[in-house]
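Engineer: Since the structure of chain Z is already known, use the hints to place chain B with the ligand on it.
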Amino acid sequence: MNKFIVTLLLGLALSSGVYAGELVKMKGKTQGRTNHEFIYQDGCQGCHQGSGKKNATDSACVECHGEINSIPVDESMLAIPEAHPHKSLHYNQGASCLACHGEHEKKAPVCAECHRTWFGEM
Amino acid sequence: MHNRRNFLKLSAGAAIGGMAAALPSTSLAKECQAIKWDESHDVIIVGSGFAGLSAALNTKRQGIKSVLVLEKMQVIGGNSAINGGWLAIPKNPIQLAQGIEDDSPEELVKDQIISGRGMQNEAALRQIANRALDAYELCIGTGVKFRDSFNIQVGGHNKARAIRTQHGTGGDITTKLYEAGVREGVEYRLQHYIEDFIMDGQEIVGVKVRKNYHFPDITTGSTIYIKANKAVILANGGFARNMKLREVVDPSLDPTLDCTNALGATGEVTLTAMAHGALPVHMNLIQTGHWGSPDEGGFGWSNALLSIGWHQGAAISVLNGKRFMDERADRKTCSEAIMKNRYPDNSPAYPIVLFNYEKYKDDDRVVRALRDKMAWKLDSLDEIASKFNIPAAELKRTINEYNGHVSARKDPLFNRKMDTAEVLTGPFVVSRIWPKVHYCMGGLKTDLAARVIDGRSMSPIKKLYAIGEVTGGIHGEARLSSTSCLECLAMGIVVSETIKSDAQA
Ligand SMILES: Cc1cc2nc3c(=O)[nH]c(=O)nc-3n(C[C@H](O)[C@H](O)[C@H](O)COP(=O)(O)OP(=O)(O)OC[C@H]3O[C@@H](n4cnc5c(N)ncnc54)[C@H](O)[C@@H]3O)c2cc1C
Chain Z
6 MNKFIVTLLL GLALSSGVYA GELVKMKGKT QGRTNHEFIY QDGCQGCHQG
56 SGKKNATDSA CVECHGEINS IPVDESMLAI PEAHPHKSLH YNQGASCLAC
106 HGEHEKKAPV CAECHRTWFG EM
Chain B
24 MHNRRNFLKL SAGAAIGGMA AALPSTSLAK ECQAIKWDES HDVIIVGSGF
74 AGLSAALNTK RQGIKSVLVL EKMQVIGGNS AINGGWLAIP KNPIQLAQGI
124 EDDSPEELVK DQIISGRGMQ NEAALRQIAN RALDAYELCI GTGVKFRDSF
174 NIQVGGHNKA RAIRTQHGTG GDITTKLYEA GVREGVEYRL QHYIEDFIMD
224 GQEIVGVKVR KNYHFPDITT GSTIYIKANK AVILANGGFA RNMKLREVVD
274 PSLDPTLDCT NALGATGEVT LTAMAHGALP VHMNLIQTGH WGSPDEGGFG
324 WSNALLSIGW HQGAAISVLN GKRFMDERAD RKTCSEAIMK NRYPDNSPAY
374 PIVLFNYEKY KDDDRVVRAL RDKMAWKLDS LDEIASKFNI PAAELKRTIN
424 EYNGHVSARK DPLFNRKMDT AEVLTGPFVV SRIWPKVHYC MGGLKTDLAA
474 RVIDGRSMSP IKKLYAIGEV TGGIHGEARL SSTSCLECLA MGIVVSETIK
524 SDAQA
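Order-wise, the sequence lines are chains Z and B.
Heads up, the first sequence is in the working numbering, so the first residue is 6 and it goes up one at a time.
Heads up, the second sequence is in the working numbering, so the first residue is 24 and it goes up one at a time.
The shape of chain B in the complex, shown without the other chains:
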């Protein structure tokens, strides 16, 4: 078969590529010419999330003629399309209208240094923060709508600087960037899976693609080769959905942990880049959310619902009807405590969180959770006990005791801060919890200009760039909420400038 023959030649070329320095370059070039390119483009972008969409539009606007975005799934947008629509922008107009004038890119970087715990890349964070207003303008210019007068302070930030899209989803941004790209001549293709890179030593010359791929069946579709004249930009996102990889790099990530990510976040392009020499960093730094519900897919409503639950209610183990943690502790502490709840066969015994219904019945968070059947209104502790198979007497004793702690404003069991806790009388809102894997801080090492670094030479792989969640070493130990969207949009601008200047050099 002719594709197969090309592949064999290609493998030979790739193997020789590893020893490029020792070989006369002409023999390499010859091997590469053996590939029959099906088509060629100036810039090929892998992935269609915030990073890929921003890179595509901005490279096009740099005057680059043919820009092709390849997406393996049947929809545009990856994690970005399902994301919560929070975007951190220091000095955004809504913030200024609120009279907050003491914020700056440097203030954002300060917060990120704290959450990065020494593992962050300060220069990269500073560059991103300095492009925040450009990222905001990119959105506004393509027609993205943000909520009127809405700018708040979210976890770990010292200033109110997070704005939110109109419908509370990143889809409000991805759809607009995509439509602007279509208007301005970017070409997008769905169901195109990047299988391998075609290298000429330390330079990428094109990609091997499975066209008409049908996720997740790797035998579907057919192979084509696409040549990249100026650049390949990796914008393939994180790998939180790759169960094997995430367990290898962090064995504490139990396979029972679901994931908030889109199904395509499987990281094979990251691994392919590594196989061609790209240096991975911080692969084991993976963020989990202890606020997940096993009764809904993805991110869902649970996180929002539990901002009531953790403060005003209590978390109970179904195994013995008892509380088992400080409900207001940080993500890591809570995740670990929750995951200890298991049946003898090691399967999860999902704990429940309950709080009073009456006071919150019209709250959006409750209305949605009940509507979508990931939480239930139950009138009595007996009803709760029978629905979740909890020993009833023990549950009643626990709630009684807990109510005493609420009145005393002191939690002798777990030392929880009780200032917001309410005496639980019922009827109740009850949901189940189990942590979910959420974000990969690790990935490919890049320089400030978004060039991918080859670990063997510690210098850039020519024409290969990476931006967004696929990159690593930027945020350090923990990423602050609302900063990934910013990073992806801003780096899409930065990479377009790099490609323009690299192409002229």
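Chain Z with its partners taken away, still in its complex shape:
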């Protein structure tokens, strides 16, 4: 599954101006990521248990993408090698996906609280 996603991402990135994770109108007023379109077809329950305020947890992310330490990051894009967000010196496996990634909005990653120039919006 993991490999499949990476190939999918690469494919999308090469074939269109819109890259895989781009935020677009998805359902009504709700924005979502282009690579998650297939999830929206099944409704919100895939990520949210119950109502919208009942937050999503990592389990839906992990199901497709794998555990944090196994998800590849393009290391050539890092400001410095230590700034690897999926193998962070501060959190390593102790970080939720949601600490850095928002499905419905652009979100500054947790690292940006202190390292303000290293990480843009995700």
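Each hint should be verified, as a subset may be incorrect.
Said to hold, decoys possible - Across the chosen pairs, the derived CB separations fall in these ranges:
{"hint": "1", "chain 1": "B", "residue 1": "500", "chain 2": "Z", "residue 2": "33", "range": "42 to 48 Å"}
{"hint": "2", "chain 1": "Z", "residue 1": "45", "chain 2": "B", "residue 2": "61", "range": "26 to 32 Å"}
{"hint": "3", "chain 1": "Z", "residue 1": "67", "chain 2": "B", "residue 2": "141", "range": "50 to 56 Å"}
{"hint": "4", "chain 1": "Z", "residue 1": "69", "chain 2": "B", "residue 2": "526", "range": "41 to 47 Å"}
{"hint": "5", "chain 1": "Z", "residue 1": "83", "chain 2": "B", "residue 2": "482", "range": "52 to 58 Å"}
{"hint": "6", "chain 1": "B", "residue 1": "294", "chain 2": "Z", "residue 2": "127", "range": "32 to 38 Å"}
{"hint": "7", "chain 1": "B", "residue 1": "279", "chain 2": "Z", "residue 2": "34", "range": "33 to 39 Å"}
{"hint": "8", "chain 1": "B", "residue 1": "207", "chain 2": "Z", "residue 2": "39", "range": "37 to 43 Å"}
Said to hold, decoys possible - Listed next, the stretches of chain Z that the computed footprint assigns to chain B, with coverage defined by at least 3 CB atoms under 8 Å from CB atoms of chain B:
{"hint": "9", "segment": "96-108"}
{"hint": "10", "segment": "114-123"}
Unchecked claim - Taking lysine-lysine and the DSSO-like style, the derived pairs with C-alpha atoms no more than 30 Å apart in a straight line are:
{"hint": "11", "chain 1": "B", "residue 1": "234", "chain 2": "Z", "residue 2": "92"}
{"hint": "12", "chain 1": "B", "residue 1": "419", "chain 2": "B", "residue 2": "355"}
{"hint": "13", "chain 1": "Z", "residue 1": "111", "chain 2": "B", "residue 2": "396"}
{"hint": "14", "chain 1": "B", "residue 1": "250", "chain 2": "B", "residue 2": "231"}
{"hint": "15", "chain 1": "B", "residue 1": "485", "chain 2": "B", "residue 2": "250"}
{"hint": "16", "chain 1": "Z", "residue 1": "30", "chain 2": "B", "residue 2": "396"}
{"hint": "17", "chain 1": "Z", "residue 1": "112", "chain 2": "Z", "residue 2": "34"}
{"hint": "18", "chain 1": "B", "residue 1": "433", "chain 2": "B", "residue 2": "382"}
{"hint": "19", "chain 1": "B", "residue 1": "355", "chain 2": "B", "residue 2": "182"}
{"hint": "20", "chain 1": "B", "residue 1": "419", "chain 2": "B", "residue 2": "396"}
{"hint": "21", "chain 1": "Z", "residue 1": "112", "chain 2": "B", "residue 2": "345"}
{"hint": "22", "chain 1": "Z", "residue 1": "112", "chain 2": "B", "residue 2": "182"}
{"hint": "23", "chain 1": "Z", "residue 1": "111", "chain 2": "B", "residue 2": "234"}
{"hint": "24", "chain 1": "B", "residue 1": "410", "chain 2": "B", "residue 2": "345"}
{"hint": "25", "chain 1": "Z", "residue 1": "112", "chain 2": "B", "residue 2": "234"}
{"hint": "26", "chain 1": "Z", "residue 1": "92", "chain 2": "B", "residue 2": "168"}
{"hint": "27", "chain 1": "B", "residue 1": "400", "chain 2": "B", "residue 2": "382"}
{"hint": "28", "chain 1": "B", "residue 1": "440", "chain 2": "B", "residue 2": "382"}
{"hint": "29", "chain 1": "B", "residue 1": "396", "chain 2": "Z", "residue 2": "92"}
{"hint": "30", "chain 1": "B", "residue 1": "234", "chain 2": "Z", "residue 2": "32"}
{"hint": "31", "chain 1": "B", "residue 1": "234", "chain 2": "B", "residue 2": "59"}
{"hint": "32", "chain 1": "B", "residue 1": "355", "chain 2": "B", "residue 2": "396"}
{"hint": "33", "chain 1": "Z", "residue 1": "34", "chain 2": "B", "residue 2": "234"}
None of these hints come from the bench; they were simulated from the model.
Heads up, the beta-carbon is just placed ideally off N, CA and C, and yes, glycines get one too.
Structural biologist: Below, chain B with the ligand alone, put in the same frame as chain Z:
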């Protein structure tokens, strides 16, 4: 709604709890049974910093079956994960290899008594110092790596006894303690916010939790009740990020002061404990660092960069291009002088610190600061004046005058010690400064065994324990650097022993 109904019953129970002595205990027990527990665990730990992680691993190792750590944020580790990785350990192996053999736990306590200025708890400090080698072993045993041959003397210590983690962050410790806990069966949950305690008179029986909470929105997630069979350990850290609370207890802490702490250091669990009778001490003793930079978040590089700036350079007010303080005075003196720099609307006029670039251009501290754009390389005083909107002529006059003081090795303006000062010729490294709130010496009063004390009876609240920065009255007026990490790790061991013996009693 069924949760709401439980809550109403619960409030009634809590109110009666305050008068426990006057009521037959059976009526109380009945009220408490009205709560529908969603789950139960032997030990519940609030917070996942050094204190919570050490407590979790050690209670588990005491043979306690189910240990649950609840963390409200989306990451494990709190302040501990972003900390500087300095750890004071008297008689650590690196120190001994350096030939320093005259250190001891008692020597560390001596230093802490001086910085505590009479307000410290000597017995508590002694207990912590005596467990330092156990704390060190706890780290080594879980795979924490410290820098080879690195053991130095840091501010306020009379011996070189501070070791540092490999990457210079507490994350090197928190990640390892967490991973060891996972391996040994501790359960951790992120996004679980402790909202209230469930009390049965002077005993805690469980906690009310907001599950799937999304910081900082208190309306997110849903309420669950978790029962604690043996203990609740508060390890929720300090409250330096609670702007209202810190200003109430110390009105001199200006709201323009940023904070070095992780965003979750807001202290609501401390307040909840107080509402249930826990005695707070020293709440107004809050440490600030005058070495903060407004151009980076958290602790950042500024402190390190300014160890060059204070010694070899000068601090200048942008309002008039003049020096305004003894750059080498203590934290409090400098913080106060810096904060006087304000525009007419009272907003901060961040002063600048400048020193020569050439001699320090390869220094790690400079390389990082320039890379992260919290300091700038500027070639001339004119460039500095225009970038920071300083009157150029006045700036030039000040630097000229200052260079004269450097040559004379005497500072008639502020009586600064000039032994390390350098004539400023440029190009320059320039950064901006403003103090930041850093550490809370105050918090909940505990006995030596980490039991939380109820101020009304001056006796322990049954099954309620607190360790780490949430506690107060240990360090007194000022905590020495590298001693919080030690305290948290050591008290995690102590509390596990207390819980084991209290549970058997
Ligand atoms: C930038 C920085 C650098 C430092 N450098 C050093 C150093 O080098 N050496 C040293 O000894 N000390 C240092 N200190 C101080 C030291 O790091 C802290 O005092 C220490 O980490 C406190 O540990 P703790 O476990 O008590 O709290 P924390 O590590 O802050 O952990 C508390 C946890 O409780 C959680 N929590 C709070 N409220 C709730 C709630 N309602 N529900 C659930 N969870 C909650 C928080 O989110 C947090 O994760 C530094 C501090 C900072 C900020």
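Engineer: Next step is simple, just say for each hint if it's right about the structure.
Structural biologist: Here is how each hint holds up against the structure:
1. For the hinted restraint 42 to 48 Å between residue 500 of chain B and residue 33 of chain Z, the CB-CB distance of approximately 57 Å leaves it violated.
2. Between residue 45 of chain Z and residue 61 of chain B the Cβ separation comes to about 31 Å, which falls inside the hinted range of 26 to 32 Å.
3. Distance hint check: the CB atoms of residue 67 of chain Z and residue 141 of chain B are about 53 Å apart, consistent with the given range 50 to 56 Å.
4. Taken as a hint, the range 41 to 47 Å holds for the pair residue 69 of chain Z and residue 526 of chain B, whose Cβ atoms sit roughly 43 Å apart.
5. For residue 83 of chain Z paired with residue 482 of chain B, a C-beta distance near 54 Å keeps the hint of 52 to 58 Å intact.
6. The supplied range of 32 to 38 Å is met by residue 294 of chain B and residue 127 of chain Z, whose beta-carbon atoms lie about 33 Å from each other.
7. As the Cβ distance of residue 279 of chain B to residue 34 of chain Z is approximately 37 Å, the hint placing it in 33 to 39 Å holds.
8. Under the hint 37 to 43 Å, the C-beta atoms of residue 207 of chain B and residue 39 of chain Z, about 42 Å apart, fit the expected range.
9. Judged by the Cβ-Cβ criterion of 8 Å, the segment 96-108 of chain Z is covered by chain B as claimed, because 8 of its residues qualify and three suffice.
10. Beta-carbon proximity to chain B at under 8 Å applies to 8 residues in the segment 114-123 of chain Z; the threshold of 3 is reached and the given coverage holds.
11. Distance check on the hinted pair: residue 234 of chain B and residue 92 of chain Z sit about 26 Å apart at the alpha-carbon level, within 30 Å; holds.
12. Annotation: proposed proximity of residue 419 of chain B to residue 355 of chain B holds, straight-line Cα distance about 29 Å (limit 30 Å).
13. Proximity of residue 111 of chain Z to residue 396 of chain B is assessed by CA-CA distance (about 23 Å); at most 30 Å being required, the pair is judged to hold.
14. With a C-alpha separation of about 9 Å, the suggested pair residue 250 of chain B and residue 231 of chain B falls inside the 30 Å cut-off, and the hint holds.
15. Annotation: proposed proximity of residue 485 of chain B to residue 250 of chain B holds, straight-line Cα distance about 14 Å (limit 30 Å).
16. Distance check on the hinted pair: residue 30 of chain Z and residue 396 of chain B sit about 35 Å apart at the alpha-carbon level, beyond 30 Å; violated.
17. Of the supplied pair hints, the one linking residue 112 of chain Z and residue 34 of chain Z holds, its CA atoms being roughly 18 Å apart against a limit of 30 Å.
18. Taking the CA atoms of residue 433 of chain B and residue 382 of chain B, the gap is about 23 Å. The hint holds against a cut of 30 Å.
19. With a CA separation close to 24 Å, the supplied pair residue 355 of chain B and residue 182 of chain B stays within the 30 Å bound.
20. Between residue 419 of chain B and residue 396 of chain B the CA atoms are separated by roughly 25 Å; this keeps the pair inside 30 Å, and the hint holds.
21. Between the alpha carbons of residue 112 of chain Z and residue 345 of chain B the distance comes to roughly 41 Å, so the proposed pair goes past 30 Å and is violated.
22. Straight-line distance between C-alpha atoms of residue 112 of chain Z and residue 182 of chain B comes to about 45 Å, which puts the hinted pair past the 30 Å bound.
23. A hinted pair counts as satisfied when its Cα atoms are at most 30 Å apart, and residue 111 of chain Z with residue 234 of chain B qualifies at roughly 24 Å.
24. The hinted pair formed by residue 410 of chain B and residue 345 of chain B meets the criterion: a straight-line CA distance of about 16 Å does not exceed 30 Å.
25. Distance hint between residue 112 of chain Z and residue 234 of chain B is fulfilled; the C-alpha atoms sit about 22 Å from each other, no more than 30 Å.
26. Proposed proximity of residue 92 of chain Z and residue 168 of chain B is supported: the alpha carbons are some 16 Å apart, at most 30 Å.
27. Using a Cα cut-off of 30 Å, the hinted pair residue 400 of chain B and residue 382 of chain B holds, with the two alpha carbons roughly 13 Å apart.
28. For the hint pairing residue 440 of chain B with residue 382 of chain B, the CA-to-CA distance comes to about 21 Å; that is within 30 Å, so the pair holds.
29. For a cut-off of 30 Å, the pair hint linking residue 396 of chain B to residue 92 of chain Z stands: about 24 Å separates their Cα positions.
30. Proximity of residue 234 of chain B to residue 32 of chain Z is assessed by CA-CA distance (about 27 Å); at most 30 Å being required, the pair is judged to hold.
31. A hinted pair counts as satisfied when its Cα atoms are at most 30 Å apart, and residue 234 of chain B with residue 59 of chain B qualifies at roughly 16 Å.
32. For the suggested pair residue 355 of chain B and residue 396 of chain B, the alpha carbons sit about 27 Å apart, so the restraint of at most 30 Å is met.
33. Proximity of residue 34 of chain Z to residue 234 of chain B is assessed by CA-CA distance (about 27 Å); at most 30 Å being required, the pair is judged to hold.
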